[in-house]
Every structure is written in structure tokens, then in C-alpha cells.
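Engineer: Chain by chain, the residues run as shown.
Number of protein chains: 2
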Amino acid sequence: MAKEILYLKIANIIEEQIFSETLKIGDKLPSIRALQKLHDVSLNTIKQSFLELESKSLIESRPKSGFYVSKTSNRKLLIPSMNKLKLSEQKTTSEDLITKVFDSLSDKDITRFSIGVPDPSLLPIAKLNKGLAKVVRNLAESGTSYEPVQGSANLRRNVAKWAIVLEGKLTEDDFVTTSGAMNAIFNCLMAVTKRGDTIAIESPVYFGIIQVAQNMGLNIIELPTHPTTGVDLEALKKVIHKVDVCCFMSNFSNPLGSLMPDQNKKELVELLTYHNVPLIEDDLYGNLFFGTVRPKPCKYYDEAGIVMWCGSVSKTLAPGYRVGWVAPGKFKDKIIRQKMAHTVCMPSLYQEVIADFLEHGRYDHHLRNLRSTLYTNSLHFQRTIEDHFPENTKISQPQGGSFLWLELDKSIDTAVLYDKAIQQKIGFAPGRIFTQHDQYNNCMRLNFGLEWKEKVELDLKRLGQLVKNSL
Amino acid sequence: MAKEILYLKIANIIEEQIFSETLKIGDKLPSIRALQKLHDVSLNTIKQSFLELESKSLIESRPKSGFYVSKTSNRKLLIPSMNKLKLSEQKTTSEDLITKVFDSLSDKDITRFSIGVPDPSLLPIAKLNKGLAKVVRNLAESGTSYEPVQGSANLRRNVAKWAIVLEGKLTEDDFVTTSGAMNAIFNCLMAVTKRGDTIAIESPVYFGIIQVAQNMGLNIIELPTHPTTGVDLEALKKVIHKVDVCCFMSNFSNPLGSLMPDQNKKELVELLTYHNVPLIEDDLYGNLFFGTVRPKPCKYYDEAGIVMWCGSVSKTLAPGYRVGWVAPGKFKDKIIRQKMAHTVCMPSLYQEVIADFLEHGRYDHHLRNLRSTLYTNSLHFQRTIEDHFPENTKISQPQGGSFLWLELDKSIDTAVLYDKAIQQKIGFAPGRIFTQHDQYNNCMRLNFGLEWKEKVELDLKRLGQLVKNSL
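Residue numbers (full-length UniProt numbering), protein chains in the order written: chain A, 1 to 471; chain B, 1 to 471.
Hints may contain errors.
When chains are identical, the list treats them as one kind, so a pair holds in a single copy or across two.
[Claimed, not checked] Below, computed lysine-lysine pairings styled on BS3-like, alpha-carbon distance capped at 30 angstroms:
1. Lys296 / Lys127
2. Lys134 / Lys64
3. Lys330 / Lys194
4. Lys266 / Lys169
5. Lys108 / Lys334
6. Lys332 / Lys108
7. Lys100 / Lys330
8. Lys394 / Lys238
9. Lys37 / Lys108
10. Lys332 / Lys100
11. Lys108 / Lys266
12. Lys134 / Lys468
Derived from the structure by calculation, the hints contain no laboratory data.
Can you make the complete structure from the sequences, with help from the hints?
Structural biologist: What follows is the structure, given as C-alpha cells:
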């Protein structure tokens, strides 16, 4: 039996013991040596099994003590299955469905499980306004003049300082500011692809990535993506010879909430470096971790300058500010030239507001609160879904970010369900929009970045009832 | 002799009489009938000659009286020659030169004849700041939320109202907001071209247009452009079969300051409609007219929806705000989808500030002052150049905008002159950057959108001396 299958087999055994509550929350697991002898395999295989379980948040290690069943492992519902790579070439667009979801956003009475940004109630709007007033007073020529094409030096310096997870590898000169992370991704694609090239992306994937790739005439390969560990590297290896660029969300992907283990990130960067394929790393959720440390980006492992690391404050501070950035590695000069040709430069104002917010520790403080709120919300949502959705519902287990991914009974079409829900003023994002293929029709994405209050809880229960009624 | 050459021949005779002061300022010209008999040609030919002279501001008509030598015709220097279509395929880029010019902008001690935007002293910064403070107070969710992809409805409504020159043909729904006019042009090009397509542009032309076209992998055809009447339609007709899109500045082009006569605009739109070639009309200087009325854009004549009319406030109010728009005709839906894919949406704040500025008559008031200042400046500049530059200098005769185009002695290389001038803290834009070909090396663009004061006058004289020394 192949080694990689062995470790998964052992992990599955332990996983079942946890779900059947043979192993209860807080229970200590047998030691690695004990399990090695029991299964008659190498120490390494057991370590890999534990890594797998850890990546699913089922177990956690305690220093100098061993491994324990995690507090978050008490889950009634299974995680969604990993999709097979669809060979169907049918590329029906889901534009209409996306437009429908976006159109609903203007109705403030709708409970917006559908939206991709945190509710304004979770944002530090008063503090941002204070910063805005300060910046307006101090801005050179009141912001009426052009700033340097590369973007506000002040913002770039603060973003570089804030990227402590990279251990000082990047300086302000390595960054270019952009109009949100989406604009960073667009600029990266413009820099490294031409019409007819092939892009490899996760599946399910944020629909904006599909839209921009289609818009630019790229061929899209959707890769199977694990709900907890992210994109399947084995699947990528099989198609790498026809891939011109990859675009992945390594940390708390949208919509799955998956987190690539460090080992996978390292391996991915090595693979892409070997094949000279650039990686656009969309890391805009990286600061919304539920664990103890900010996960590393793939950029950390990048020595050849092939990783273009994109970020923004759109998911944490102020979506409407349109402030993002990219550390484009060896493509920096090209990105700057392009930015000048596309738009000359950006407005300075909001860049300076964000720089100020980062510089004075306000971002750090705000993120601690936001993470705590999001984590608590994720537990509220999971409990409510467990209690009020059908028993065969599968649910993702995000370790950060603000999304849950639900896989419902095969008979349910969430595009149809959407119309019923919206009539009851409940919005969600149907699974079909997260792929170019005809799949995920029984899935939905829920945003838990809302204020958890009676109305929201009630609407989540009503959504569960709607699903039950559709069976 | 072909009819079109006949009318030019007659126009030239009259032009020479004006320059030799045989006909003095204010003199009445012979009647059309008298000239018809004298030259033994049709009435129409004489009318065309007068149109030509009028377009050069050499003569002006007075109602019910006839034609007179114009007050602005007292010029010692000739207007620059119209370039021939260069057949050389040598496309040396002028990137380094452009970078040099841009780098100099950070040095505030340099007299910036080089820059493409009005000096901050000409902008209503205090009033804009007042508007900003008001908007900040009233913005929904303090601007932290996404606005509709199409852009601020408030701004679009006010831009539509302001476009009185279109006689109500456009409504707010016809506009999409963009990050400045450059971003509008980029979006239009993305919507209607693919790599390898051919774009026809003016020559000389704003270098940003060359950069974005090269960046997108387009073939560029530079068309001969008349210093006063704009792009040569006969030259366009000869290549129209291989053109996929046109991008022209119909009103007060950068750098020539040319203004297409209404008749040419109409003919252009008819030609492009017949061949189904979209026109990107960059009309960001249209409000800076020195005459009595705002010239019409080509969009006025557009019945098939092929004209994509681009504008902004970057040359009149606040370059750094990055607020522009496009009325994209039949390409509107595509432009909106693209904008969403490229950047989701724009920040609302500055759009609302501009909308407010337009709505309350402040723009109208400011433009009246700005036009008056620019026109006076243009006369100061022309006089100073006439007195302090070599006699064989040729100079454009802009009827709006903020640029003069100078053609110097053939022996002068303005790229070399640039280095000498910048050492003396004088900046200008060398002719070479306004073309993809190896031409205009003896030309320069001067921005007269500065505060006319002793230092500026002195530096302009010193620049003239530098030119003389280089002979």
C-alpha cells in the first residue's frame, strides 16, 4: 500500500473515533510510538496522520505533553467531500446568477449571508473617520496632485512592517499599491499572461477569479481542493506542463476556508519554481486566523521571485476604500509600468488613512476583536446549522476567514433555493457561481461575518427549514 | 488640379498676406463672390478656404458683415508643420525619456513646463476641501462599503446634466465612472480590442496612449495630425480597412492643442460608423475652450453607439482624485462587467465630492476663472517665446487646453536639450516621447497651466536662450 494512502487510512480511523466520541474532546491521543507499533508503520507515517488530523482541527498538540482531541472537534456534520476534477468541457457561465446575488445587496432588509465582506457593524468606522480627518488636514496639496505610480510610500512601508510573518524579507520597495486585492490579481494576470494561456485555480473558487480569467481570454483549469488543506498538489502536478500561471488562496480560501499546511506551501513553491510558473497568491484573509499565529504565505518560501503576494484591507477594515497591494517579486517593474498605463496612479487619501491605522497599532487591536467575533460567530453558525439543517448536510471547518461552505443533499438545487430564500429576505451565495462547470449545484456559501443577533439566528434557522422543505 | 488642393492654395495665399501684414488685424477680407471671380473657382472652394483659415484662428466671421482678419492672427512665428506619415518601422521606445521626465516631477524647485496637469495654485483646493468635509459627514457607512459597479449615481447624474453640449442625449445610466480618463481609455481598449489588433491615433500624441496600446500588444498607426484642425481624415481613410479602433482627442489635443472642426467630427463618425470601427474619444480638455462656446464632442454625432466618450476632472479640478468617466455607447454592459472583474468598484468619496462640486455651480464658476487664466497665460507664453526663442521656431496655436507645441530648428535634439534645461531647474516634455517612431526630436511641449509670475517668465526666457545656444 502506498505510503500516502497508509497515513490517510490511519488518520481516518482516528477521525472516526473522534466523530463516534470514542475519543472525546480533550482526550489525550495514544503516543506516536504506541501507534507506530500498533499499525506496524514508520514513525513518519504516524506523524503525517497527525498532521492531517491537525489540519482538520480535529486534534491539537500541547507542548511537552502530546496530542489531544481538539475543542472544535465536536461536530455532528461531516465536512464536504473533495471534488473530482470534472472533465466536462461545458462552460456555462453563471453570470446571471452572480448578477442576481449582487443585485440583492442593495436591499438592506435582506440578511446578507450572501455577501463577501464583513458587516459594517464589525468595522471600526469611528476610528477610521478620525484617521481620515487627520489625514485630510496633512495631505500635500490636499490630495489634488498625482502620487508616485508605485503608490503611497507611507502605506508600503507600513504594510512591509506589518508583514512580520515574512520575517523582514520584504521592504516598502517590494510593494505596489492597487485598488483592492482584485485589482492586484488583475494586474498580476496582465503582467504574466496573454489571451489563450492557461490558469490553474482552486475549485470551488471565488467567482471573481473566474470572471477576470474569462474576461482576459484565459483557459481555466479547476483543481480539486480539499476543504481543510486546500488545493490538491498531486492534481496540479498532473497538469503542470500545460499551466502558465496559478492563482490560489493559500490561507482561508473563499469559499472553502481551507488552509494549506506549511509543508504544502513549501512544496508548491518548489514545484512552481522548478517549472517556472508564477503563483498569484491571494492572501486577503490571512490575518483572520482562528488559531494562535498568523499562517505563513507561500511568499515566505519564494526564493526565485515567482510568487506575487496580494493583500488588502477589504475583508478586515474598509471594503469601499479600495486599498490593496501586491509584492510582485521579479515582475515588479512590469506591474508598475502597467499601473501607470492603466490608471496613472491611485488617490492617496485612503492609502494614507490605512497607513496611519497600521502605524499606530490600531489595526492590531481591531484584528484581535474581529478574529474573536468571527470565531465565535463560526461556532454559533455551526451549532445552528447542526440543529436546524438536514442531517446529511456537510459543512466545512474553516480555521479562519468568514465563510462556511455547505454541501446539501444531491437533490437540492441551490440556484432554485436562492429564489425562495430571497423572497423571505434571506440571501446566500449558490454553489454554482464558484465554478465554471456545471457542479456544486447542491452547495452554498454562507458569510458569518455578521453581527450575531436574534434576527440572524432566526433567518439561519428559517434557511435550514427551507432546505428541509426542498428535500 | 484636385479640388482639395485648390482651396488650400487659396487659403495659403491669404495666410501669407496676413503674415506679411498686407492684410492687418481687423481688416475686412474680400467677399466670397469677389474671390470666386478672382480665382475662377466655385463658391464652395472659397468657403472651404475660409473654413481652413477660420480653423487656424486667422480670420473670423462677423454676422451680416463678412470675414475679418482675427485679433489673434498677429503672430511672428509660424505654426508647426503637419507631420508626414512615417513609414519607418523602427519602434524604439521612449520609456527612458518618459521616466526621466516623470522622475523630475518630485523636485518642487523645477519650473514644470513639463507636467500635464494644472499647477495647484490654479485649483480651488479650499472649496474642494469644504466639499470633502461635507461629504465625509454624509457618506453611507462612511464610505467603507462597496458602491454599485457602474459608479456613484450622484456623480453620473451630474456629469450627464453637465454635458449640455450633448443637448440631453445622455442620462446618468449612460455613464460608467472610472479612475481618471486614462483608466476610461484602458477599459474601452480592453472592451473592443485583443492582442494584435490595430489602433489608429494622432501624431504627435499623448505618450500614455502609446504606452497603454503597447502594453496591450496592439499595433499602432500614427496618423498625420494638423496643429489646428486635428487628425487628417484623408490619411485615416487610406488605412481604415486595417484599423480596429480609433482613439482621438477631438478637442484641444495633447500635445498639439488642435480642435477638430464640427464638420470633420461629423464626417469622422460617419466614416467609422460605416466601417463599424469604435472611436474612443478622449475629451478631457473640452471644457478648457478659449472661444465662446464649449466645442461639441464627436459623441454628439454618434447614432450607432460606436463612440466611447471619455472625460475626467484631472485637468480642471483635482488630478489626484482619480475621478473620470466614460459614456461607452453600445459597449456599456461589457465595460461594467470588466470594471467589476478588474477592481470590483471605485471608492465613493471623491466621486461624491466632484458630484457636489458640479451640482452647486462651483464647477462652472471655477472653469470660467481657469479658462481666463489659461488663455491669458497662453498669450504671455506666445509673446515671450516670440521674443526670446530663435526666429525659425514654429509654435502651435491652441484654441483651448494648456499646451504649446514648439518645433525648433532641425539641428536641435530636445532630448539632449532636456538634460541641460533640467540642470537649470527647467522642465519640459521632449517631442520624442509623443510618438513611437524616431521623430519630433526637434520639438517640445510646454505646459502653460502655471501661475504666470516673474520666475516662470524668466525661466521661459532662459529656455529660449538655451535653445539659441544649442544652434
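Engineer: So, for every hint listed, does it hold in this structure?
Structural biologist: Evaluation of the provided hints:
| no. | hint | result |
| --- | --- | --- |
| 1 | Lys296 / Lys127 | within (28 angstroms within a copy, 47 angstroms between copies) |
| 2 | Lys134 / Lys64 | neither (49 angstroms within a copy, 60 angstroms between copies) |
| 3 | Lys330 / Lys194 | both (18 angstroms within a copy, 26 angstroms between copies) |
| 4 | Lys266 / Lys169 | within (16 angstroms within a copy, 58 angstroms between copies) |
| 5 | Lys108 / Lys334 | between (41 angstroms within a copy, 27 angstroms between copies) |
| 6 | Lys332 / Lys108 | between (41 angstroms within a copy, 27 angstroms between copies) |
| 7 | Lys100 / Lys330 | between (39 angstroms within a copy, 22 angstroms between copies) |
| 8 | Lys394 / Lys238 | within (28 angstroms within a copy, 65 angstroms between copies) |
| 9 | Lys37 / Lys108 | neither (60 angstroms within a copy, 75 angstroms between copies) |
| 10 | Lys332 / Lys100 | between (37 angstroms within a copy, 19 angstroms between copies) |
| 11 | Lys108 / Lys266 | neither (43 angstroms within a copy, 47 angstroms between copies) |
| 12 | Lys134 / Lys468 | neither (53 angstroms within a copy, 50 angstroms between copies) |
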